[in-house]
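J.: Top line first, the protein sequences correspond to chains A and B. Per the working numbering, the first sequence starts with residue 1, numbered consecutively. Per the working numbering, the second sequence starts with residue 1, numbered consecutively.
Read the hints as simulated data drawn from the structure, not as lab findings. Accuracy of the hints is not assured; some may be wrong.
Said to hold, decoys possible - In silico SDA-like pairs for lysine to any residue, Cα to Cα no more than 20 Å straight-line:
#1 A/Lys145 to B/Leu119
#2 A/Lys2 to B/Leu119
#3 A/Lys47 to A/Lys69
#4 B/Lys145 to A/Ala122
Quick caveat, the model's predicted, so the values are computed rather than measured.
There are 2 protein chains.
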Amino acid sequence: MKVSILFSGGKDSCLAAVLLSKFFEVELVTCSFGILSNWKKAEEVAKKLGFSFNELKTSSFKVLKLDKKILEEAAEKIIQDSFPANGIKYIHQKALETLAEQTELIADGIRRDDRVPVLSLAEVKHLEDKFNIHYIQPLMGYSRKTINILVDKFFKIKEYKSTDFVGAEYEFELREYIKKKYGAGKIKEIFPQNHTQSIVVDIKEKIC
Amino acid sequence: MKVSILFSGGKDSCLAAVLLSKFFEVELVTCSFGILSNWKKAEEVAKKLGFSFNELKTSSFKVLKLDKKILEEAAEKIIQDSFPANGIKYIHQKALETLAEQTELIADGIRRDDRVPVLSLAEVKHLEDKFNIHYIQPLMGYSRKTINILVDKFFKIKEYKSTDFVGAEYEFELREYIKKKYGAGKIKEIFPQNHTQSIVVDIKEKIC
Chain A
1 MKVSILFSGG KDSCLAAVLL SKFFEVELVT CSFGILSNWK KAEEVAKKLG FSFNELKTSS
61 FKVLKLDKKI LEEAAEKIIQ DSFPANGIKY IHQKALETLA EQTELIADGI RRDDRVPVLS
121 LAEVKHLEDK FNIHYIQPLM GYSRKTINIL VDKFFKIKEY KSTDFVGAEY EFELREYIKK
181 KYGAGKIKEI FPQNHTQSIV VDIKEKIC
Chain B
1 MKVSILFSGG KDSCLAAVLL SKFFEVELVT CSFGILSNWK KAEEVAKKLG FSFNELKTSS
61 FKVLKLDKKI LEEAAEKIIQ DSFPANGIKY IHQKALETLA EQTELIADGI RRDDRVPVLS
121 LAEVKHLEDK FNIHYIQPLM GYSRKTINIL VDKFFKIKEY KSTDFVGAEY EFELREYIKK
181 KYGAGKIKEI FPQNHTQSIV VDIKEKIC
């Protein structure tokens, strides 16, 4: 059985992918609107994971092209709201739906204590029913505190301010698009300046 | 790192234990009020799991003695309510608390779509804070439909009517206690007659 997981190369999606590899062949899927090549950051991490974990039978990695309309609509939402949460959730929902059209088992790295981009249980069930798929959230039963211990045990990570680094999360193409369409001032106005992203830079311990 | 998981030998707690074995040494813990020896049913399954999964480094199994007062209070609740849900949840909460007094990482086999004995997120966080522990619910991000596919792939299970079989779940000592104290009629009145329990009887496929 193959599961396709939305993958940014951050600590949560890495941990979720490794956990899924207990039961499934895992395909790592990074989204792109074709605006930046930031998906390459995720591909580098995917290679590291595939190399180190024998059990991850497919170290397969793919880029999922998302319709640019989704980005435009998310940006409009964000401009209206003056904060990014709903727009980012919108992209995540559309990414899950796009993936659900292609494969039967989909997953992501959402944790129990996450607030963005978390779908409600009703939305999760609706997604499963509408597309007749399985949507797995392998970290949903883990607190942030527990995840931190596991990440620290298995991965070497690097944390960056979102302003100093371009990762493979949705946020970066979104920022780029908003900057071009609405000006750089809007970015400072809307996105928190101290937000950090993590990326896995190495594997400390083989997990099998 | 060792995690102690509440374990009945049913399909959910087996699957949860195997999943946890990806990251932790797993201790299987079955509760007993000392009224029946039904914990032996769980021990048999524990042996099967430990035998087949190399990765389950500790096939360790233990019986957790619970204070009989907990059973008495749960039974009183159930008699008052005329349905078992709140009483069973009460036992589960007390079992988690008893375990939390002994070890730092605790877990159970609760799924996303379970209704009993599910703690609310506030109760989960309270438990973690009060005892300064990690409470992991490894199946919380999996639907019943997904669990069924995994169970079918890895385990041979047998389903029994609760009236025809005595498993290692809390329910069976509870029934016994209520029968003795309030009479057999109460059992028919309170517990659903068509409720089924599952027990894992064999392992289909080695998971590693």
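J.: Hint by hint, say whether it matches the structure.
T.: Structure-based check of all given hints:
no.: 1; hint: A/Lys145 to B/Leu119; in the structure: holds, 19 Å
no.: 2; hint: A/Lys2 to B/Leu119; in the structure: violated, 31 Å
no.: 3; hint: A/Lys47 to A/Lys69; in the structure: violated, 30 Å
no.: 4; hint: B/Lys145 to A/Ala122; in the structure: holds, 16 Å
Hint check: violations occur at hints 2, 3; the rest are consistent with the structure.
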